[in-house]
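Participant: Chains as they are written, first to last, in my numbering: chain C, 1 to 288; chain P, 1 to 288; chain W, 1 to 379; chain U, 1 to 379.
Any given hint could turn out to be false.
[Claimed, not checked] Distance condition first, Cα-Cα at most 20 Å in a straight line; then the derived DMTMM-like pairs of lysine to aspartate or glutamate:
#	chain 1	residue 1	chain 2	residue 2
1	W	LYS112	P	ASP80
2	U	LYS246	U	ASP302
3	U	LYS371	C	GLU279
4	W	LYS289	P	GLU98
5	W	LYS112	C	ASP87
6	U	LYS112	C	ASP190
7	U	LYS112	P	GLU20
8	W	LYS2	W	GLU232
9	U	LYS112	C	GLU113
10	W	LYS112	P	GLU20
11	P	LYS228	P	ASP198
12	U	LYS112	C	GLU20
13	W	LYS2	P	GLU256
14	W	LYS112	P	GLU113
15	U	LYS289	C	GLU20
16	U	LYS2	C	GLU253
17	U	LYS112	C	GLU256
18	P	LYS43	U	ASP107
19	W	LYS112	P	ASP114
20	U	LYS2	U	ASP107
21	U	LYS289	C	GLU98
22	P	LYS228	P	GLU286
23	W	LYS289	P	GLU20
24	W	LYS112	P	GLU256
25	U	LYS112	C	ASP114
26	U	LYS2	U	ASP184
27	W	LYS81	W	ASP226
28	W	LYS371	W	GLU232
29	C	LYS43	W	ASP158
30	U	LYS2	U	ASP226
[Unchecked claim] Listed next, the stretches of chain P that the computed footprint assigns to chain W, with coverage defined by at least 3 CB atoms under 8 Å from CB atoms of chain W:
#	region
31	149-162
32	215-221
33	271-278
Hints in this document: simulated from the structure, not taken from any laboratory.
Even glycine gets a Cβ: it sits at the ideal position worked out from N, Cα and C.
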Amino acid sequence: MSILVSKETRLVVQGITGTEGSFHTRLMLDYGTHVVAGVTPGKGGEWVHGVPVFDTVREAVQTTGADTSIIYVPAPFAADAIVEAADAGIGLIVCITEGIPILDMVRACQFLEDTGARLIGPNCPGVITPGQAKVGIMPGHIHMPGPVGVVSRSGTLTYEVVKALTDRGLGQSTAVGIGGDPIIGTSFVDVLRLFEDDPVTDVIVLIGEIGGTDEERAAQFIAGEVSKPVIAFVAGRTAPPGHRMGHAGAIIEGGEGTAQEKIVALEAAGIRVARHPVEVADLVAECL
Amino acid sequence: MSILVSKETRLVVQGITGTEGSFHTRLMLDYGTHVVAGVTPGKGGEWVHGVPVFDTVREAVQTTGADTSIIYVPAPFAADAIVEAADAGIGLIVCITEGIPILDMVRACQFLEDTGARLIGPNCPGVITPGQAKVGIMPGHIHMPGPVGVVSRSGTLTYEVVKALTDRGLGQSTAVGIGGDPIIGTSFVDVLRLFEDDPVTDVIVLIGEIGGTDEERAAQFIAGEVSKPVIAFVAGRTAPPGHRMGHAGAIIEGGEGTAQEKIVALEAAGIRVARHPVEVADLVAECL
Amino acid sequence: MKLHEYQSKRIFARYGLPVPQGNIATTPSEARQIAHLLGSPVAVKAQVLVGGRGKAGGILIARDAAEAEEAARQIIGMSIKGLTVRKVLVECAAEIGQEMYMGIVIDRTHRKPAMIVSAQGGVEIEELARTRPDAIFRLLIDPLRGLMDYQARNLAFDLGLHGNLIRPFTTIARGLWRVFVDNDATLAEINPLVITPEGQMIAVDGKITLDDNALFRHLELSEMRDVQEETEAQRQARQADLSYVKLDGDIGCMVNGAGLAMATMDLVDLYGGRPANFLDIGGGARANKVAAALRIILSDPDVRAILINIFGGITRCDEVARGLLTAIQETSTPVPPMVVRLVGANEEEGRQLLAAADVITATSLLEAAQKAVALAASQ
Amino acid sequence: MKLHEYQSKRIFARYGLPVPQGNIATTPSEARQIAHLLGSPVAVKAQVLVGGRGKAGGILIARDAAEAEEAARQIIGMSIKGLTVRKVLVECAAEIGQEMYMGIVIDRTHRKPAMIVSAQGGVEIEELARTRPDAIFRLLIDPLRGLMDYQARNLAFDLGLHGNLIRPFTTIARGLWRVFVDNDATLAEINPLVITPEGQMIAVDGKITLDDNALFRHLELSEMRDVQEETEAQRQARQADLSYVKLDGDIGCMVNGAGLAMATMDLVDLYGGRPANFLDIGGGARANKVAAALRIILSDPDVRAILINIFGGITRCDEVARGLLTAIQETSTPVPPMVVRLVGANEEEGRQLLAAADVITATSLLEAAQKAVALAASQ
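Only chain C is shown next, with the shape it has when bound in the complex (with noise of 0.2 Å):
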């Protein structure tokens, strides 16, 4: 079982003969990986690393049964290969990509609303099922197969969580890094509702950072729907108001998306939240 991606995934790949696309899909095929497709508009007919290349992502699903697409087009082409993807009758779709506009994204969501696809990020670092299929950027030798769920707004940070978790021998069912844009596809609630209903997820990470108000609606989620345990984590607590940190939806608005108040949500709502990467796993060693 699992999440999102699994042995089963048959992945194209948007944009796969750029530098980034070529040298990821590399790294998938590594870790096992079924990168049955690529799409690169002109470059239909090419191979990489022994993948084959199409025009369109249309041509991509019809030739190969691509059901996961994952993107790595630059930013002002992005919105437009999410498009591409999920009318093409892609079912799950990870947008690597960061910097597309907020409005680009806006019209996406509310097209993707219209279908059945479901958008993973944009800007994050994809979708890792340890030991069956890597959909992302994320260095595949920290993760190993284990019971934790983990969901994250973050890309390293995630990382750093995975390894000590990895180091206690927790083994991780799937992450999911989410993004950190302010418009994303998928949210901390849908990702949690798959975890629930996850038979090999015994426990739950989730890791937070300032900004909108994602994390109080995971703390009402949890509290009402989610029977597992979960263990948080929320950067930026030394994090100042109005500042973008990084991540495009990182920012403190309108006294809105502060740490604290997030911190607060989750522990009323029953949470433990760490206080530094680190103690996450052992906070999650203590449910198992």
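Position chains P, W and U against the provided structure of chain C, taking the given hints into account.
Facilitator: Leaving out everything else, chains P, W and U in the frame of chain C:
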């Protein structure tokens, strides 16, 4: 029973304080229609023929429980009025207005697709269920209750046929004018489906005209899914190609939309097609 | 409202679509000057709002300014399908590698705009749709999202384009979509969309039809109307807000309502007559509008009998009668025999008003049509 | 990118939104001339990209040109929240009947733009949201449909407007929506939206924040950036594509990844230290970017110790080490003690490179943070 409108209909008139809106509100009230509200922005608090006027459809619906709307708003603002009605929860919207820009209607219809609201028209005479409710501009007195369902793209041509029916003692269950524009909210097929399911309708009269392929699709639908007898008439056998014949939608373009094609399609589906409006009544009489 | 080729191309150019350089000439010497300035072989093209210019000799290629002048001399003043050519477009003649088709129309069934493309351009798309339906690709466009890049690319690959042609194709497709939506068009067409031997794409011919109902928000476009191509009757009808279409029969028809007007024409035909026109006075017409309508019919020399069919609902029969009388009384020419069928609001009053005039009244539509046909035949 | 009030109002004016007449002055005499030309009482307003200008004395009313000059003299050069005022906006002072609020923001939860209006303007909307949430009306806007007329009218009636105020309100709402969407804004705000005693609506103050990620398609807007309001460190960070935020502590931090950078700062704080900055070098940074990042930290006189935390995935530890060494070697000032924690790709090579330099390396994040705090405390 009957379809679309009945004694239960609670009608709001959008554009009630205009000349046309006020005039027809009087006629609809005289017919016995339950006109429960009117809307004209900025005229909230006034009264027209004893009907309270509101600033917004939202307020009219909340206050009076209106479930059906009729629109007499000038063409430049009519598409906005349609969407306003749908957004306020109105289930049936009848738009009388002629001359609405096509792209306005295209956008409005796209929105309506996402809601449960049904639009009749625009550029139509409306809907009447004789003896129960008149939601439109047709002369009420030529109608009488009975077993004949009438659906038409036309206005006065429908009156001509209805009068011929009534003159022969053939009453109508409901008469629906779906409108003469190229983009209309409800097609022949939609209304045929309602008549097929309506227990008080025994025969259906379909009045088409040149332009588009709605009659052809109706023929196909009737052949497959309508058990009741259907009598048809198609206006425009003598209409030349390339000219708009009064209705924005009545135009033979690119060799498509001729009356001959439609008559052939209807007859091929086993439907008797009258040669003139009065003959419609003769053919209906033979079915009963 | 149909736009001329040169007007369509000016709009195309404003949206960055590639069109041949050129200008409009109303005299042979202007054509010479334009060709001279362009300094290359030119096409001299009649600007008339009908199809089939090419076959009628309305498009000529000229190698130099002198030839362009001569070509313009031949074309200006010629008659194409009854329309006199008053203007020619003189533009650089494009070298043609491949001719494609790209157009946007309204798909009535799906209630959406549709982009239609084909790798076989230069012929009428309806013709192609009949003979080679497999050569045509059709994309419904969500009017709220608009045409997206990937959709335009999908069409390009459908057409078998590749390499350096993908980007210009998608740019042109997006541009044509903007032309369509920004200007409230009901048709925007590039035919042929030419690929030159050097791999450039050029819109060699173009056509735009605007939505008359949306012209109120495009005042600058409504000024493009070519009134020279209107007949006097069309002009009068437009000014009186009447729907009028001239036909080739001899029975003038005036009806309230478009469907009923067509049914009335069909009935005339059924009884062996031939309608001289379609004329819809619309709903709730007042006397002055009715008078204007009758004036148009009376000014048609082909008309030998007149059939007036009014089914009053909003339209009041007495107003109709008053309008008819006004037009009859003011005309100096003899009035053809007239059959008036009036039913509905105030029909008695209407018939009484007409009793004074030399007019046959009727209540039955069939009877009225039969009488009109008989009258026309007996003239 | 935040725009100044005067820049925002210029954009408003382009979209037909009513703004007071006025112009920008950089000297008192310019202010005098503008006030003279306007010929009415004027407001002289400091143009700085921070809130609270009014309380700081950055907005003055002047009855005539002489007073305007004097007001400008007081304001130009003053410091508001650390920013020096270099420009004032001199504009007609509006008579105020009622102050309202209208703004459009991105609603992250619903993934849509939201229009927020209130009949209580002139105060900060967040403040109002806390004290009078019932006075605020919020409308989610479908980004594909846009703001429709009826929605704007609904808001107007929500606010209790009526009569002649409905139409200007809806026109302004539609205009603000166009401002927002055409310019890829993340905030477009009119506060206060004033109703004058004569019933005119005027945007007396305005604010636009543009989406930095969309500036590539608005080159004319990106030129509006006020580089005078950037510190030297901010400028360097922007040019090197680094995310940098100055804080008031003494431990310089450099981390790859925004979340990890914040977590690192929090850890410093947890151990009793105070971070001097947020600095994210992003994913896959090469040596030159790392060097630029270290230069920024080294140029901060408040920094007493440096903590570098790199979790290598795409980022290679040897590249990081090389970048650090470059910046250390070229600097002429003493380098504060530095703790470098490197894990991930090529971490051994990175540590070996750093062994030569006077740098403390670590593999444990906790250990590294503790050491940095201790070092800062001991300086």
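Participant: Now tell me if each hint is right for this structure.
Facilitator: Hint by hint, here is what the structure shows:
1. Among the hinted pairs, LYS112/W with ASP80/P is consistent with the structure: their alpha-carbon atoms are about 18 Å apart, no more than 20 Å.
2. The straight-line distance between the Cα atoms of LYS246/U and ASP302/U is roughly 10 Å, inside the 20 Å bound, and the hint therefore holds.
3. Between LYS371/U and GLU279/C, the direct Cα distance comes to roughly 18 Å. Compliance with the 20 Å bound is thereby established for this hinted pair.
4. With a C-alpha separation of about 18 Å, the suggested pair LYS289/W and GLU98/P falls inside the 20 Å cut-off, and the hint holds.
5. For the given pair, LYS112/W sits about 17 Å from ASP87/C by alpha-carbon distance, which is consistent with the 20 Å threshold.
6. Taking the CA atoms of LYS112/U and ASP190/C, the gap is near 18 Å; set against the 20 Å cutoff, the hint holds.
7. A distance of roughly 39 Å separates the Cα atoms of LYS112/U and GLU20/P; the hinted pair therefore is violated under the 20 Å criterion.
8. Of the pairs offered as hints, the one joining LYS2/W and GLU232/W holds, with about 18 Å between alpha carbons and a cut-off of 20 Å not exceeded.
9. Restraint check: the Cα-Cα separation between LYS112/U and GLU113/C comes to about 12 Å, which is no more than 20 Å; the hinted pair holds.
10. For the hint linking LYS112/W to GLU20/P, the alpha-carbon distance of about 30 Å lies beyond 20 Å, and the restraint is violated.
11. Restraint check: the Cα-Cα separation between LYS228/P and ASP198/P comes to about 10 Å, which is no more than 20 Å; the hinted pair holds.
12. About 30 Å separates the Cα atoms of LYS112/U and GLU20/C, which puts this hinted pair outside 20 Å; it is violated.
13. Of the supplied pair hints, the one linking LYS2/W and GLU256/P holds, its CA atoms being roughly 19 Å apart against a limit of 20 Å.
14. In summary, the hint linking LYS112/W to GLU113/P is supported, as the alpha carbons are separated by about 12 Å, within the 20 Å threshold.
15. Our distance criterion of 20 Å between C-alpha atoms is met by LYS289/U and GLU20/C, whose separation comes to about 18 Å.
16. This hinted pair checks out: LYS2/U and GLU253/C have alpha carbons roughly 14 Å apart, not beyond 20 Å.
17. Among the hinted pairs, LYS112/U with GLU256/C is consistent with the structure: their alpha-carbon atoms are about 17 Å apart, no more than 20 Å.
18. Proposed proximity of LYS43/P and ASP107/U is contradicted: the alpha carbons are some 33 Å apart, above 20 Å.
19. Between LYS112/W and ASP114/P the alpha-carbon distance is near 15 Å, which keeps this suggested pair within the 20 Å criterion.
20. The hinted pair formed by LYS2/U and ASP107/U meets the criterion: a straight-line CA distance of about 18 Å does not exceed 20 Å.
21. The suggested pairing of LYS289/U with GLU98/C holds, with an alpha-carbon distance near 18 Å, which does not exceed 20 Å.
22. Distance restraint check for LYS228/P and GLU286/P: the Cα-Cα separation of roughly 13 Å lies within the 20 Å cut-off, and the hinted pair is therefore satisfied.
23. Note on LYS289/W and GLU20/P: the hinted pairing holds, with a Cα-Cα distance of about 18 Å set against a maximum of 20 Å.
24. Taking the CA atoms of LYS112/W and GLU256/P, the gap is near 17 Å; set against the 20 Å cutoff, the hint holds.
25. Simply put, LYS112/U and ASP114/C have alpha-carbon atoms about 15 Å apart, close enough for the 20 Å limit, and the pair holds.
26. With a CA separation close to 12 Å, the supplied pair LYS2/U and ASP184/U stays within the 20 Å bound.
27. With a C-alpha separation of about 17 Å, the suggested pairing of LYS81/W with ASP226/W holds against the 20 Å cut-off.
28. Proximity of LYS371/W to GLU232/W is assessed by CA-CA distance (about 29 Å); at most 20 Å being required, the pair is judged violated.
29. A C-alpha spacing of about 15 Å is found between LYS43/C and ASP158/W, which places the hinted pair at or below 20 Å, so the restraint holds.
30. Our distance criterion of 20 Å between C-alpha atoms is met by LYS2/U and ASP226/U, whose separation comes to about 9 Å.
31. With a threshold of 8 Å between beta carbons, the proposed coverage of the region 149-162 of chain P by chain W holds, since 9 of its residues qualify and at least three are required.
32. Using a Cβ-Cβ cut-off of 8 Å, 1 residues of the region 215-221 of chain P lie near chain W, which falls short of the minimum of three, so the contact claim is violated.
33. Coverage of the region 271-278 of chain P by chain W holds [criterion: at least 3 residues with CB-CB distance below 8 Å; count 4].
In summary, the numbered hints that this structure violates are 7, 10, 12, 18, 28, 32.
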